[in-house]
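S.K.: If you want the building blocks of each chain, they are given just below.
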Amino acid sequence: MTVTGTNVGYDVDTVRKDFPILERTVHDGRRLVYLDSANTSQKPRTVLDAMEEFLSRHNANIHRASHALGEEATEAYEAARLKVARFVGSADETEIVFTKNISEAINLVAYSVGNASTLGTGDPRLRVGPGDEVVITVMEHHSNIVPWQLLCERTGATLKWFDVSEDGTLDMSRLDELVNERTKIVAVAHQSNMLGTINPVRLIAERAHHVGALVLVDAAQSVPHRGVDVRDLGADFVGFTGHKMCGPTGIGVLWARRELLDVMPPFLGGGEMIETVEMERSTFAPPPHKFEAGTMPITEAVGLGAAVDYLTELDRDAVDAHDQDLTAYALDQFAGVEGLRLFGPADAADRGPVVSFEVDGVHPHDVSQVLDAEGVAVRAGHHCARPLHKRFGVTASTRASFYLYNTRADVDALVAGLAQVKRYFG
Amino acid sequence: MHLDSLYQEIILDHYRHPHNKGLREPYDAEVHHVNPTCGDEVTLRVRLDGDKVVDVSYDSLGCSISQASASVMTDLVVGKDVEEANEVHQAFLELMQSRGAGEPDEEVLEDAVAFAGVSRYPARIKCALLGWMAWKDAVARTMDNVSEATS
Ligand SMILES: Cc1ncc(COP(=O)(O)O)c(C=O)c1O
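For the record, the sequence lines run as chains A and B. Take the first sequence: its letter number 191 is residue 191 in our numbering, and every next letter is one higher. Take the second sequence: its letter number 74 is residue 74 in our numbering, and every next letter is one higher.
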């Protein structure tokens, strides 16, 4: 069995050496086969070092300390913002708002819209109420469902959603009906975290803009893997989360068109987001600071900046090709596993490196437990996409996800583990 | 990792051939419980005659541990007084919280001693407790219904 893929320009063995955690073993000396990167990715040495260097040499609060360290810290934090902006194709770094994760980024938009709606003044695009519609899809992560449900409850707007077809692609046949002149917001995942499906975001955005609606793209699963250009997507808001893209936990990103950030009311109030505060009322700092209340996760932002550097140096296309190769290889191997039902597109070209499946007659918890005993880490459950699981008639699935440090040998370990599962539960 | 300590033969037997499964009439209370992290679900009915547990019937979706535990639980509580059954429940809870160090009393827990290994797997303890939690809730509701009816 050869472990090198067809992607000749990419040396996965060298990449693996960048990730200290991959050297460790689990359960009495078994090699760690980490297939849960869609949940959270591992972190390269450069990210760990950047965070340690920041804390041990430059640590201070930002934007408010007028001393050497304060200036260095502010510079490091703002440099991270600039890197992230360039990474997703934004020429204006004030379009990047740091949050604690993508869940907070989506909530920021939903609550800002909610605030605009209760204030009843300001930009009409941000005001929703009875008779207005918010459109999502059944494919969303709970983080891109619940904030919109709450917004609709608060404002009296109606929630609508796209269904998926049996093959795991979004059912686009009702696009014009679902996205209509009543639609104010469309929120959709770039890539499904269960099915791996890559959605036609541009097409949806075109229709949404045609009817005057705003578009939010949940890019948590796509940004880690392939080059995402926010302008190309045609969206108004794009969210992603640091910990799935080689960065630390505690830092997420909202990109939004500056023109929108200018007119959006704040989400969280507090220190650093203001211009001036009187006892009666306050005025606010310009974006992005208007949306960054209180002391931010500074070290984590620096870590994310280092993660972005790491991914950029690896070459995004090479990473994408590597992930795709593994996905194709896994789908190929799965075809030989009896009783395995794959969810989502059958062709690797139509999906990201996430493969969810069911093993006939064995509950995902039991599948993952046996795999874990073999050193293979996968996720079992509904992966925060309960409506989507329900859509496919299951309460849970087992999910393996691949990233830049995985190898074909990892896929082989998974397939061998599935044979063990059957020995136990067959 | 010794999977066999988790998946004891008794557990796999109950999983493959669950006892008392299926929803039955008559019943005094019905509850529905879910495990929010994995989506496992159980619907459970309890029938009491005075203090005596006459029937516990259930329908469930879930992993081997949760299914087997519900099956074993029904064997343990049906035919007992509520108070006795609650003592068994307490003993099982303690076993689950023992982090692998519990010394279960086979007199009290019978087949449920096989779950001793589960206490070493924090992610699975909730699975083993799902049916028991539903049982406790259903009995409480039955008692409420009774006290309402007699007051
Ligand atoms: C598609 C998608 N959206 C949102 C999230 C939520 O990410 P976070 O927990 O970092 O907010 C995840 C990951 O869990 C995801 O896969």
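Derived by calculation from the structure, the hints in this document are not laboratory data. Just so we're clear, the structure is a prediction, and the values are computed from it rather than from any experiment. Among these hints, one or two may not hold up.
Claimed, not checked - Short derived list, chain B residues pointing at chain A, Cβ under 8 Å:
no.: 1; residue: 8
no.: 2; residue: 41
no.: 3; residue: 55
no.: 4; residue: 82
Stated by the list, open to error - Straight-line alpha carbon distances no greater than 27 Å define the calculated DSSO-like cross-link-like pairs of lysine-lysine that follow:
no.: 5; chain 1: A; residue 1: 390; chain 2: B; residue 2: 21
no.: 6; chain 1: B; residue 1: 136; chain 2: A; residue 2: 422
no.: 7; chain 1: B; residue 1: 80; chain 2: A; residue 2: 422
no.: 8; chain 1: B; residue 1: 136; chain 2: B; residue 2: 80
no.: 9; chain 1: B; residue 1: 126; chain 2: A; residue 2: 390
The beta-carbon is built from N, C-alpha and C at its ideal position, and this holds for glycine as well.
S.K.: Decide, hint by hint, whether the structure agrees.
M.R.: Here is what the structure says about each hint:
1. 8: Not OK, violated: residue 8(B) not within 8 Å of chain A, min 12 Å.
2. 41: holds, 7 Å
3. 55: violated, 26 Å
4. 82: The hint is violated - residue 82(B) has no Cβ within 8 Å of chain A, the shortest such distance being about 31 Å.
5. 390(A) to 21(B): holds, 23 Å
6. 136(B) to 422(A): violated, 34 Å
7. 80(B) to 422(A): Violated - the C-alpha atoms of residue 422(A) and residue 80(B) are around 38 Å apart, more than 27 Å.
8. 136(B) to 80(B): holds, 14 Å
9. 126(B) to 390(A): holds, 22 Å
In terms of the numbered hints stated before, the structure departs from hints 1, 3, 4, 6 and 7, listed from lowest to highest.
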